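K.L.:
Okay, here's what each chain looks like letter by letter:
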Amino acid sequence: MENTDWLDVAASVKGDDEAYARLVRRYEKQITSLLWRFTRDPVQCEELVQQVFVEAFFSLKTYRGDAPLLHWLRRIATRTGYRFWREKAKEPQEMPLPDFEIIEQIEAAEDDRIDPSEAAAVLHTLLARLPAPDRLVLTLLYFERCGTHEIAERMGWSRAKVKTQALRARRKMKEIAEREHLLERLGWTL
Amino acid sequence: MDTLRGLAKLARIAREEQTPVFGVAEMVRLRIQSEGRPSVTLIPLGLFGGLSAAAASILLFMAVQFWQYINSPFMQLVAPLPEIRLW
Chain G
1 MENTDWLDVA ASVKGDDEAY ARLVRRYEKQ ITSLLWRFTR DPVQCEELVQ QVFVEAFFSL
61 KTYRGDAPLL HWLRRIATRT GYRFWREKAK EPQEMPLPDF EIIEQIEAAE DDRIDPSEAA
121 AVLHTLLARL PAPDRLVLTL LYFERCGTHE IAERMGWSRA KVKTQALRAR RKMKEIAERE
181 HLLERLGWTL
Chain V
1 MDTLRGLAKL ARIAREEQTP VFGVAEMVRL RIQSEGRPSV TLIPLGLFGG LSAAAASILL
61 FMAVQFWQYI NSPFMQLVAP LPEIRLW
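Protein sequence lines correspond, in order, to chains G and V. Read left to right, the first sequence gives residues 1 to 190 (the numbering used here). Read left to right, the second sequence gives residues 1 to 87 (the numbering used here).
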């Protein structure tokens, strides 16, 4: 752990508000970036980011410092995001098909000229059609470039479970993408 | 192109997306302050526990008193028997 983190963690545990505010400011960008993969609604995303840092504060005494603080925060954030999906899944909702019109906008564009934000929105919409565990594994694989070991560690799952989940999720995702003629619409068939 | 490779390519582009920045430090501090106060639900719970303990003590005291009032509790069960004329 970086020395500055260690000093701020120790001060935060003793009740130094400013020390914890420094930690929040230091890692907010990375945590926001991760949670943006769980919801693209800025209001919901901000709420989740706050939730993560509040939860982290109250668990700070349990942080042993074996891994960098950012890893520990990412684990809390991943679980918070996953919980958010599961709660959302209880509400009957269907991802509206018109969202796929975004694809039409980038259809004719060259690969490098595709707006990353639009590409992320398309991928997010496709992933949203999967059940939460499949969606989580693929989100972390595609967006965060996590390995199966890291996903297992973040979620407290076995590595075998992550591997099986990833295999199954990829198969489902392939089916969805083919049903939506994704590659044809992106002009990537060749 | 294979569908899965297409998805991986889409993901590669998507990773370059600029994510929003919120500046949550102040809100987090406020939430910690409000959530960190001693929970009010513990006060009625403690009060209820205390009252229950007091009531149990009174009952125990009374039970002991009643028990002592009976000279020989088990003898009371067989006490009428000697008075019965068996022959």
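Don't take every hint at face value.
[Claimed, not checked] Here chain V is said to cover these stretches of chain G; the calculated rule only asks that three of the stretch's residues, wherever they fall, bring their Cβ under 8 Å from a Cβ of chain V: (1) 24-36; (2) 150-158.
[Claimed, not checked] In the BS3-like style, the derived pairs of lysine-lysine whose C-alpha atoms are separated by at most 25 Å in a straight line are: (3) Lys-61(G) with Lys-90(G); (4) Lys-9(V) with Lys-174(G); (5) Lys-172(G) with Lys-161(G); (6) Lys-163(G) with Lys-9(V); (7) Lys-14(G) with Lys-88(G); (8) Lys-172(G) with Lys-90(G); (9) Lys-14(G) with Lys-61(G); (10) Lys-90(G) with Lys-29(G); (11) Lys-9(V) with Lys-14(G).
It is worth saying that the hints were derived from the structure and are not from the lab. These figures come from a predicted structure and were not determined experimentally. We put the beta carbon where it would ideally sit given N, CA and C, even for glycine.
K.L.:
All the hints need checking, so say for each whether the structure fits it.
P.N.:
Consistency of the hints with the structure:
Only when three residues or more bring their CB closer than 8 Å to a CB of chain V does the claim for the segment 24-36 of chain G stand; here the count is 7, and the claim holds. Given as covered by chain V, the segment 150-158 of chain G fails the check, having 0 residues with a CB less than 8 Å from a CB of that chain where 3 are the minimum. Note on Lys-61(G) and Lys-90(G): the hinted pairing is violated, with a Cα-Cα distance of about 33 Å set against a maximum of 25 Å. Between the alpha carbons of Lys-9(V) and Lys-174(G) the distance comes to roughly 13 Å, so the proposed pair stays at or under 25 Å and holds.
Using a Cα cut-off of 25 Å, the hinted pair Lys-172(G) and Lys-161(G) holds, with the two alpha carbons roughly 16 Å apart. A distance of roughly 21 Å separates the Cα atoms of Lys-163(G) and Lys-9(V); the hinted pair therefore holds under the 25 Å criterion. For the hint linking Lys-14(G) to Lys-88(G), the alpha-carbon distance of about 36 Å lies beyond 25 Å, and the restraint is violated. Of the pairs offered as hints, the one joining Lys-172(G) and Lys-90(G) holds, with about 21 Å between alpha carbons and a cut-off of 25 Å not exceeded.
Taking the CA atoms of Lys-14(G) and Lys-61(G), the gap is near 10 Å; set against the 25 Å cutoff, the hint holds. With a C-alpha separation of about 29 Å, the suggested pair Lys-90(G) and Lys-29(G) falls outside the 25 Å cut-off, and the hint is violated. The suggested pairing of Lys-9(V) with Lys-14(G) is violated, with an alpha-carbon distance near 47 Å, which exceeds 25 Å.
When held up to the earlier numbered hints, the structure conflicts with 2, 3, 7, 10, 11 and fits the remainder.
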